[in-house]
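Position chains G and H against the provided structure of chain Z, taking the given hints into account.
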Amino acid sequence: MDPAVQRLLDERSIIDVCVRYATAIDDRDWARLRSCFLPDAVGVYHADRRLDGAEAIVETIRTAVTPLSRTQHLVGTFVVDVHGDEASSSCYLHAQHVREGVPGGEKYVIAGQYVDRLARTQDGWRIRERRLDRWWTRGNPAVTAR
Amino acid sequence: MDPAVQRLLDERSIIDVCVRYATAIDDRDWARLRSCFLPDAVGVYHADRRLDGAEAIVETIRTAVTPLSRTQHLVGTFVVDVHGDEASSSCYLHAQHVREGVPGGEKYVIAGQYVDRLARTQDGWRIRERRLDRWWTRGNPAVTAR
Amino acid sequence: MDPAVQRLLDERSIIDVCVRYATAIDDRDWARLRSCFLPDAVGVYHADRRLDGAEAIVETIRTAVTPLSRTQHLVGTFVVDVHGDEASSSCYLHAQHVREGVPGGEKYVIAGQYVDRLARTQDGWRIRERRLDRWWTRGNPAVTAR
Chain Z
-2 MDPAVQRLLD ERSIIDVCVR YATAIDDRDW ARLRSCFLPD AVGVYHADRR
48 LDGAEAIVET IRTAVTPLSR TQHLVGTFVV DVHGDEASSS CYLHAQHVRE
98 GVPGGEKYVI AGQYVDRLAR TQDGWRIRER RLDRWWTRGN PAVTAR
Chain G
-2 MDPAVQRLLD ERSIIDVCVR YATAIDDRDW ARLRSCFLPD AVGVYHADRR
48 LDGAEAIVET IRTAVTPLSR TQHLVGTFVV DVHGDEASSS CYLHAQHVRE
98 GVPGGEKYVI AGQYVDRLAR TQDGWRIRER RLDRWWTRGN PAVTAR
Chain H
-2 MDPAVQRLLD ERSIIDVCVR YATAIDDRDW ARLRSCFLPD AVGVYHADRR
48 LDGAEAIVET IRTAVTPLSR TQHLVGTFVV DVHGDEASSS CYLHAQHVRE
98 GVPGGEKYVI AGQYVDRLAR TQDGWRIRER RLDRWWTRGN PAVTAR
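Protein chains in written order, with this note's numbering: chain Z, -2 to 143; chain G, -2 to 143; chain H, -2 to 143.
In isolation and in its complexed conformation, chain Z is listed as follows (with noise of 0.2 Å):
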């Protein structure tokens, strides 16, 4: 195949993968989101702590979805370096949480970036790493507290 089209196909996967795992926790569809990472993928959600293996990201992601009424996790600007069989990717996230019921306002705002590392497989491209810089935040923090 010409190689820009194969650079066209290896980023529009890419892209999609980010697109699934977003529709995925807000579909709370966690076989799909599995589906996104290599089963020995890490995730960096907070500076202090690192999630090994996508059970691990998955289950940490479901149990703090799970309370809440809604999310909405808005991904774009999206940025993909195609090394062969690996890539980097980052992407812009404005994800809105929303619980009904909480003191002090039902909704909450993460805004950041996605910086990811990715490995492509027989079935695709799949995360190998996935780190979230939280950049701004509004509304009430305690809607996604634990």
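These aren't lab readings, by the way, just hints derived from the structure by calculation.
Only true hints are included.
Each pair may be met inside one copy or between any two copies, as identical chains are not told apart.
In silico SDA-like cross-links for lysine to any residue, where the CA-CA straight-line distance does not exceed 25 Å:
{"no.": "1", "residue 1": "K104", "residue 2": "W133"}
{"no.": "2", "residue 1": "K104", "residue 2": "T141"}
{"no.": "3", "residue 1": "K104", "residue 2": "S66"}
Relative to chain Z, chains G and H alone:
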């Protein structure tokens, strides 16, 4: 044409219809908005109300938007599935509505998801059915009240 | 190359310039920001003020951003029209500005549309003219005040 390339072209065209829909509303270009739909398209913007036909959809949106000072329909996080000459897609919406002079606040955000079915025509992809899932709002609902 | 594929590649490259512009500001990478423009590019960020040349554009942005704690230029909803070696494009902007310690609120969103003309060069597409249409703001304007 290579099927992988054809799929890229189809996805690009489908995303383009969703983007044209958004910018047509914000530019108040009703002919462009109408061109996003099949003539007999269905629109479901409220759970209890079904709009039949492109004309009814465009007129309903035109009536709602005309009193406003400005709108911004930011769309993204696109998921597209093509099956021959039919397709389903979804995208996230962050729609700001501004109406100057409204007591209680001039802005109202409606955020959620568009869920679409589309058809390939001789003039490109067109929306056959569009449903808006409203997920959260922020600001003053009086901005968009009749 | 197939013209349809060439158009996909051009569109991808043009969107990539707009994304690099956004991430360059947020990363404060002024060399990357400069590389988005032709040397004699024109920037119109305020109706009454025209910036002549990439250096003037970059310096103006650098001066505005340097006092801030953080920015996030979320861009999306891209429209791209390619005509040979010239192109026009637009995209939507939701730009959060954060400045810690400002009385009256640390955040200020500027939202609207970038409207661009671009040219194909030996090094890829470059912005020839960028205009920012400001559509709505939220928060404390003192965040971005001089």
